[in-house]
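K.L.:
Sequence:
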Amino acid sequence: MMRLLIDWLLAWLPLPHTRCFGLRRVLLRRAGISLGDRVWVCGGCRVYGRGELSIGAGTWLSPDTKFHTRRGAAITIGAGCDIGPDCLILTGSHEIGERGARAGQTTTSAVVIGDGCWIGARSTILPGVSIGAGSVIAAGSVVTSDVAENTLVGGVPARLIRALD
Numbered sequence: 000m001m002r003l004l005i006d007w008l009l010a011w012l013p014l015p016h017t018r019c020f021g022l023r024r025v026l027l028r029r030a031g032i033s034l035g036d037r038v039w040v041c042g043g044c045r046v047y048g049r050g051e052l053s054i055g056a057g058t059w060l061s062p063d064t065k066f067h068t069r070r071g072a073a074i075t076i077g078a079g080c081d082i083g084p085d086c087l088i089l090t091g092s093h094e095i096g097e098r099g100a101r102a103g104q105t106t107t108s109a110v111v112i113g114d115g116c117w118i119g120a121r122s123t124i125l126p127g128v129s130i131g132a133g134s135v136i137a138a139g140s141v142v143t144s145d146v147a148e149n150t151l152v153g154g155v156p157a158r159l160i161r162a163l164d
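The opening position of the sequence shown corresponds to residue 0 in numbering that gives the first Met the number 0, with each subsequent residue numbered one higher.
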């Protein structure tokens, strides 16, 4: 219940998107979110569901980032990451059901984003994905499978563009 109340407060308080970082950190910690030191949470960031969310020190969450969490499937974001605006990170989906109800049985899977990653604007990270440390996800990408460390991926679905040094 506390998480729902805090999510509502964060959504409706007239706070500037790139100010009041300390207040957002306090409220998110009260909601049970694990935040490292110097995590910057911009306005419009929302956490849906009751799953675990852990964000490492020095990470930046741009405006309107959305986390859809499910119990038993944590979202873990490493230290020093930059999550671009309007990103969507999901831990729940569905199996393909029978005719007449294609959204079948609910499935859940954790998401892990390694240290130092940059997730470009409007990217979507699907359940079960692990993104290696130092990787870059190009803007607008849909990440459906694991990403190796120090690589640049992009597209729908995201594919390897090149290795980074």
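The set of hints was computed from the structure by calculation and includes no laboratory data.
Be a bit skeptical, because a hint or two may be false.
[To be verified] Cross-link-like lysine to aspartate or glutamate pairs, in silico, EDC-like; alpha carbons within 16 Å at most:
| id | residue 1 | residue 2 |
| --- | --- | --- |
| 1 | Lys65 | Asp81 |
| 2 | Lys65 | Glu97 |
| 3 | Lys65 | Glu51 |
[Unchecked claim] Derived DEER-like restraints, expressed as beta-carbon distance ranges:
| id | residue 1 | residue 2 | range |
| --- | --- | --- | --- |
| 4 | Ala100 | Thr75 | 40 to 50 Å |
| 5 | Thr75 | Gly139 | 15 to 25 Å |
| 6 | Gly96 | Asn149 | 14 to 24 Å |
| 7 | Arg28 | Asp164 | 31 to 41 Å |
| 8 | Leu87 | Gly31 | 39 to 49 Å |
| 9 | Gln104 | Glu148 | 10 to 20 Å |
| 10 | Ser33 | Leu87 | 12 to 22 Å |
| 11 | Glu94 | Asp164 | 33 to 43 Å |
| 12 | Ala102 | Ala132 | 29 to 39 Å |
| 13 | Gly99 | Leu163 | 40 to 50 Å |
| 14 | Glu97 | Leu22 | 13 to 23 Å |
On a predicted model such as this, the values are computed, not experimentally measured, just so you know.
All C-beta atoms in this analysis are idealised placements derived from N, C-alpha and C, irrespective of residue type, glycine included.
K.L.:
Next, verify each hint and record whether it holds.
P.N.:
Quick rundown of the hints versus the structure:
Among the hinted pairs, Lys65 with Asp81 is consistent with the structure: their alpha-carbon atoms are about 14 Å apart, no more than 16 Å. Note on Lys65 and Glu97: the hinted pairing is violated, with a Cα-Cα distance of about 30 Å set against a maximum of 16 Å. For a cut-off of 16 Å, the pair hint linking Lys65 to Glu51 stands: about 14 Å separates their Cα positions. One distance hint, 40 to 50 Å for the beta-carbon pair Ala100 and Thr75, is violated here, with the actual separation near 32 Å.
Under the hint 15 to 25 Å, the C-beta atoms of Thr75 and Gly139, about 23 Å apart, fit the expected range. A beta carbon spacing of about 39 Å between Gly96 and Asn149 contradicts the range 14 to 24 Å that was offered as a hint. Checked against the hint of 31 to 41 Å, the pair Arg28 and Asp164 passes, with Cβ atoms roughly 36 Å apart. About 21 Å separates the C-beta atoms of Leu87 and Gly31, a value inconsistent with the hinted range of 39 to 49 Å.
Distance hint check for Gln104 and Glu148: the Cβ-Cβ separation is about 33 Å, which falls outside the suggested range of 10 to 20 Å. Taken as a hint, the range 12 to 22 Å holds for the pair Ser33 and Leu87, whose Cβ atoms sit roughly 20 Å apart. For Glu94 and Asp164, the Cβ-Cβ distance of about 40 Å falls inside the hinted range of 33 to 43 Å, so the restraint holds. The hint said 29 to 39 Å for the Cβ distance between Ala102 and Ala132, and at roughly 34 Å that hint holds.
A hinted range of 40 to 50 Å holds for the C-beta pair Gly99 and Leu163, which are about 46 Å apart. Glu97 and Leu22 have their C-beta atoms about 48 Å apart, which leaves the hinted 13 to 23 Å range violated.
Hint compliance for this structure: hints 2, 4, 6, 8, 9, 14 are broken, all remaining hints hold.
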